[in-house]
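Given chain Z, put chain Y in place with the hints provided.
Those protein sequence lines, which keep their order, are chains Z and Y. Counting in the working numbering, the first sequence runs from 554 upward without gaps. Counting in the working numbering, the second sequence runs from 24 upward without gaps.
Check the hints yourself; a few may be wrong.
[Said to hold, decoys possible] Straight line, CA to CA, 27 Å or less: simulated DSSO-like cross-link-like pairs of lysine-lysine:
id: 1; chain 1: Z; residue 1: K597; chain 2: Z; residue 2: K624
id: 2; chain 1: Z; residue 1: K636; chain 2: Z; residue 2: K615
id: 3; chain 1: Z; residue 1: K564; chain 2: Y; residue 2: K93
id: 4; chain 1: Y; residue 1: K49; chain 2: Z; residue 2: K636
id: 5; chain 1: Z; residue 1: K564; chain 2: Z; residue 2: K597
id: 6; chain 1: Z; residue 1: K597; chain 2: Y; residue 2: K93
id: 7; chain 1: Z; residue 1: K631; chain 2: Y; residue 2: K49
id: 8; chain 1: Z; residue 1: K615; chain 2: Z; residue 2: K631
[Stated by the list, open to error] Selected chain Y positions facing chain Z (in silico; Cβ < 8 Å):
id: 9; residue: R59
id: 10; residue: L84
id: 11; residue: V115
id: 12; residue: G126
No lab work stands behind these hints, which were simulated from the structure alone. This one's a predicted model, so the numbers in the text were calculated from it and none came from an experiment. Built from N, CA and C at the ideal position, the CB exists for glycine as well.
Now for the letters of each chain:
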Amino acid sequence: EAGVAQSPRYKIIEKRQSVAFWCNPISGHATLYWYQQILGQGPKLLIQFQNNGVVDDSQLPKDRFSAERLKGVDSTLKIQPAKLEDSAVYLCASSPGSEGEQYFGPGTRLTVT
Amino acid sequence: SQQGEEDPQALSIQEGENATMNCSYKTSINNLQWYRQNSGRGLVHLILIRSNEREKHSGRLRVTLDTSKKSSSLLITASRAADTASYFCATVTNQAGTALIFGKGTTLSVSS
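Chain Y with its partners taken away, still in its complex shape:
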C-alpha cells in the first residue's frame, strides 16, 4: 500500500513562477524524501528531511515537514522548463527498514 499522497496530482505553471507540492502520509516516519522522475527515466533524489527537522533547503528547493500533521511540502522557486517532471514523496518508516514507500506523484508542467 502507498504511504504518501501528493497534492495536487497535476500542476501547470509558467517559467519563473513558484511551484508548491504537498505530501501527506499515514504512519510515523524516520525520514521523508523527494524524488524527481523525468518522462521515461529513472528517479533522481532531490532532498531528504529527517523526522526531527522542520525545514531544509537545497538550491531552489525548500522542503518543510510537519510530523504533527503528517505532511510535507516541496517548493520549487523560479521554475524552469527543465523542472517539468513528476515529483514523488517517499517515506522511510521504522517498519519498512530502509525501503521507500512512495506516493502517486505530482506531475509538474512548466511552460516557457
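In isolation and in its complexed conformation, chain Z is listed as follows:
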C-alpha cells in the first residue's frame, strides 16, 4: 500500500513570497489533515477535511493560509504572503475516517528568509 505522498520535500522562499504544498493521501482515506510542526514542538493542526468538506480550520491563519481538497482526494496548502514565522515542517496525514491512527507523509520543510 502506497503511503501519503507530499511535495516538494524542501522549499526556501523569501518573506512575502507565496508557496504551495501538495499532498496525495492513501487511497480510500476519507479524512485528510494538514499540520504545522515548528522546530522543537509537536505538530499543530491547521485544517481537517472529510472528503472534500472542511471539518475544522479553526487554527488556520486564514489571512494568509488557504487549503483545498478537490474531488476529495489530493490537497494543496498555500501560504501567501509568507512570514518568517511560517518556517516549519508542513505535514499531511490521512485516515480512513475513524477515530484511529493517522498516516503521515514525510513532510515539506519550509524555510522563509
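Leaving out everything else, chain Y in the frame of chain Z:
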C-alpha cells in the same frame, strides 16, 4: 494550544535498558496515541489506547493510561539504537473530532 506534555523532554540510555516516557493531558479524551518521529522524517503511529482501557502492549511497547490522573506512560523494553527518535503523545478529544492534539515530545537517545 497543546494538550499533552511529555516528560522528560530528553532521555539518554544504553542499549538493552528500558525507556519510560510520560504524558499528561488536560481535557477528557476519546483515545490517546503515541507516535515516533525519526530525525527529519514523518511521524509513525506506534499504539492507540482508548479511554476505557488501562494498559496495552505491542511488541516491546507497553502503554498505560490513567484517566483519573489524565496521564499516560510509554515503556520501551530492551531498547535498541534504532529506537533513537522523538516520541509524541497525541490525544483525540470529543471537541476536536478526529484531529490529534500533540505534546512537545520526548527525545530519546539510545547509545550502543
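Verification of the hints:
For the given pair, K597(Z) sits about 25 Å from K624(Z) by alpha-carbon distance, which is consistent with the 27 Å threshold. For the hint linking K636(Z) to K615(Z), the alpha-carbon distance of about 14 Å falls within 27 Å, and the restraint holds. Of the pairs offered as hints, the one joining K564(Z) and K93(Y) is violated, with about 39 Å between alpha carbons and a cut-off of 27 Å exceeded. For the proposed pair K49(Y) and K636(Z), the alpha carbon gap of about 31 Å is over 27 Å, so the pair is violated.
Proposed proximity of K564(Z) and K597(Z) is supported: the alpha carbons are some 20 Å apart, at most 27 Å. For the hint linking K597(Z) to K93(Y), the alpha-carbon distance of about 20 Å falls within 27 Å, and the restraint holds. Proximity of K631(Z) to K49(Y) is assessed by CA-CA distance (about 32 Å); at most 27 Å being required, the pair is judged violated. The suggested pairing of K615(Z) with K631(Z) holds, with an alpha-carbon distance near 10 Å, which does not exceed 27 Å.
For the restraint placing R59(Y) at the interface with chain Z, the shortest Cβ-Cβ distance is roughly 11 Å, beyond the 8 Å limit, so the hint is violated. Nearest Cβ of chain Z to the Cβ of L84(Y): about 14 Å, over the 8 Å cut. The hint is violated. Interface hint status for V115(Y): upheld, as the beta-carbon distance to the closest one in chain Z is roughly 6 Å, under 8 Å. The beta carbon of G126(Y) comes within 5 Å of a beta carbon in chain Z, closer than 8 Å, and the hint placing it at the interface holds.
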